[in-house]
Amino acid sequence: MGAVTPEQPLSEATRDVSALETSAQTQLDAPFNGQLSAEPVVSTAEPPPLPEPSEKPRGAIAEWTITILLLLFLTTTLVQAFVIPTGSMEDTLLIGDHLLVDKLAYAPAGPVSRLVLPYSDVKRGDIIVFRYPVDISQTFVKRCMGVPGDRIRIINKQVYLNGVKLDEPYKVHKTDYIDSYRDNFPGEPNVSVDRRAIDMLQNHQVNGEIVVPPNSYFAMGDNRDSSLDSRYWGFVPRENIIGKPLIVYWSYDAPTSDLNSPSVSVSHVVDLAENFFSKTRWRRSFMLIHGYPVK
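Per the numbering used here, the sequence shown runs over residues 167 to 461.
No lab work stands behind these hints: they were computed from the structure. Keep in mind that this is a model prediction, so the values were computed, not measured. All C-beta atoms, glycine included, are put in the ideal place defined by N, C-alpha and C. Do not take every clue at face value.
[As the list claims (entries may be wrong)] Okay, derived cross-link-like pairs now, BS3-like style, lysine-lysine, Cα gap no bigger than 30 Å in a straight line:
{"hint": "1", "residue 1": "LYS289", "residue 2": "LYS269"}
{"hint": "2", "residue 1": "LYS331", "residue 2": "LYS445"}
{"hint": "3", "residue 1": "LYS289", "residue 2": "LYS340"}
{"hint": "4", "residue 1": "LYS461", "residue 2": "LYS269"}
{"hint": "5", "residue 1": "LYS461", "residue 2": "LYS289"}
{"hint": "6", "residue 1": "LYS461", "residue 2": "LYS323"}
{"hint": "7", "residue 1": "LYS323", "residue 2": "LYS289"}
{"hint": "8", "residue 1": "LYS445", "residue 2": "LYS323"}
{"hint": "9", "residue 1": "LYS289", "residue 2": "LYS331"}
{"hint": "10", "residue 1": "LYS461", "residue 2": "LYS340"}
{"hint": "11", "residue 1": "LYS340", "residue 2": "LYS323"}
[To be verified] Pair by pair, the computed Cβ-Cβ distance ranges are:
{"hint": "12", "residue 1": "VAL436", "residue 2": "GLU354", "range": "22 to 32 Å"}
{"hint": "13", "residue 1": "SER433", "residue 2": "GLU354", "range": "39 to 49 Å"}
{"hint": "14", "residue 1": "LYS340", "residue 2": "ALA228", "range": "52 to 62 Å"}
{"hint": "15", "residue 1": "SER433", "residue 2": "VAL377", "range": "21 to 31 Å"}
{"hint": "16", "residue 1": "LYS461", "residue 2": "LEU270", "range": "21 to 31 Å"}
{"hint": "17", "residue 1": "GLY353", "residue 2": "PRO314", "range": "14 to 24 Å"}
{"hint": "18", "residue 1": "ASP345", "residue 2": "GLN371", "range": "10 to 20 Å"}
{"hint": "19", "residue 1": "PRO335", "residue 2": "ALA226", "range": "11 to 21 Å"}
{"hint": "20", "residue 1": "ASP287", "residue 2": "ASP419", "range": "34 to 44 Å"}
With the hints as constraints, model all of the structure from the sequences given.
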């Protein structure tokens with residue numbers, strides 16, 4: 167038996183390496199047979215771009231901005247919310263009636279807008295919302311009883327317009343007491359009346375009647391015995407008129423003290439939380455408001 171020399175394993179390894187090189191070269195030179203190698207492939211393509219940041223926050227801001235601008239446009243141009251704080255227009259309008267006021271009704275009409283929008287002149291019998299002539303920061307609602315050129319007189323609670331006794335189914339008298347000034351007008355005031363109003367009324371008094379001057383209106387509350395109106399502060403200038411009420415969108419039985427303040431009182435909030443359903447006048451909700459023709 168011969169001995170195994172150390173070179174024998176090296177020669178076999180050399181042959182194996184040569185065989186592998188030959189096989190690899192054969193595979194490289196062989197045509198592609200349609201089968202992919204299982205070897206991993208390193209891609210040199212650029213990674214896909216990252217998705218753009220979401221547009222939702224920006225879109226939401228735009229929607230809210232448009233909504234706010236639209237509300238501002240509506241409240242400054244078309245309609246305005248208003249609440250009745252006193253009983254001067256009872257029983258037509260009650261304390262706690264929340265109204266929507268049409269601001270286009272009496273707006274100055276242009277040559278084009280007059281054809282497409284419902285502009286009209288203030289008429290006798292219209293219920294009007296206006297800035298209080300003595301303090302324009304306050305808003306009043308009354309019934310227009312006289313337009314420019316009209317002659318007005320009150321005798322024992324009865325209104326005479328241009329010499330004719332008026333039929334007024336909307337008015338109420340909650341006392342039979344005849345006041346010498348309130349119920350017989352014009353006359354000498356027996357209560358504290360603004361001096362400017364006295365001068366204004368006296369300057370437009372002819373033969374015991376008040377004559378309404380140009381661009382002015384005479385307004386009175388339907389609750390005749392409890393209304394601070396043109397009898398006490400004079401005429402309503404045309405430019406003070408805001409519009410006419412359209413609808414009572416909500417009516418809540420709340421006291422004047424809770425409604426006659428520019429800010430909402432804590433007591434009113436508590437009252438709403440406790441009595442919303444029981445004090446809401448559901449039958450008055452969405453009630454349309456109409457004037458009454460006075461002739």
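Quiz item: Does LYS289 pair with LYS340 here, judged by a C-alpha cut-off of 30 Å?
Solution: 27 Å, holds
Quiz item: For the pair ASP287 and ASP419, does the Cβ-Cβ distance stay inside 34 to 44 Å?
Solution: 35 Å, holds
Exercise. Please test the hint of 22 to 32 Å on the beta carbon pair from VAL436 and GLU354.
Key: At roughly 46 Å between Cβ atoms, GLU354 and VAL436 fall outside 22 to 32 Å, so the hint is violated.
Quiz prompt | Satisfaction of hint between LYS340 and LYS461, Cα-Cα up to 30 Å | solution = At roughly 24 Å apart (the allowed maximum being 30 Å), LYS340 and LYS461 satisfy the hint.
Exercise. Look at the Cβ atoms of GLY353 and PRO314 and judge whether their distance stays inside 14 to 24 Å.
Key: The hint (14 to 24 Å, Cβ to Cβ) holds, given that GLY353 and PRO314 are roughly 23 Å apart.
Self-check item: Pairwise hint evaluation, LYS323 against LYS340, where the allowed Cα distance is 30 Å at most
Solution: 12 Å, holds
Quiz item: Regarding SER433 and GLU354, is the given constraint of 39 to 49 Å on their beta-carbon distance met?
Solution: 41 Å, holds
Practice problem: For the pair we were handed, LYS289 and LYS331, check the Cα-Cα distance against 30 Å. | Solution: 18 Å, holds
Practice problem: Could you check the hint for me, namely that LYS461 and LEU270 are 21 to 31 Å apart, CB to CB? | Solution: 26 Å, holds
Self-check item: Hinted pair LYS461 and LYS289, Cα distance within 30 Å
Solution: 10 Å, holds
Self-check item: CB-CB spacing for GLN371 and ASP345 relative to the 10 to 20 Å hint
Solution: Check passed, 18 Å falls within 10 to 20 Å.
Quiz item: Within 11 to 21 Å or not, the Cβ separation of PRO335 and ALA226?
Solution: 53 Å, violated
When held up to the earlier numbered hints, the structure conflicts with 2, 8, 12, 15 and 19 and fits the remainder.
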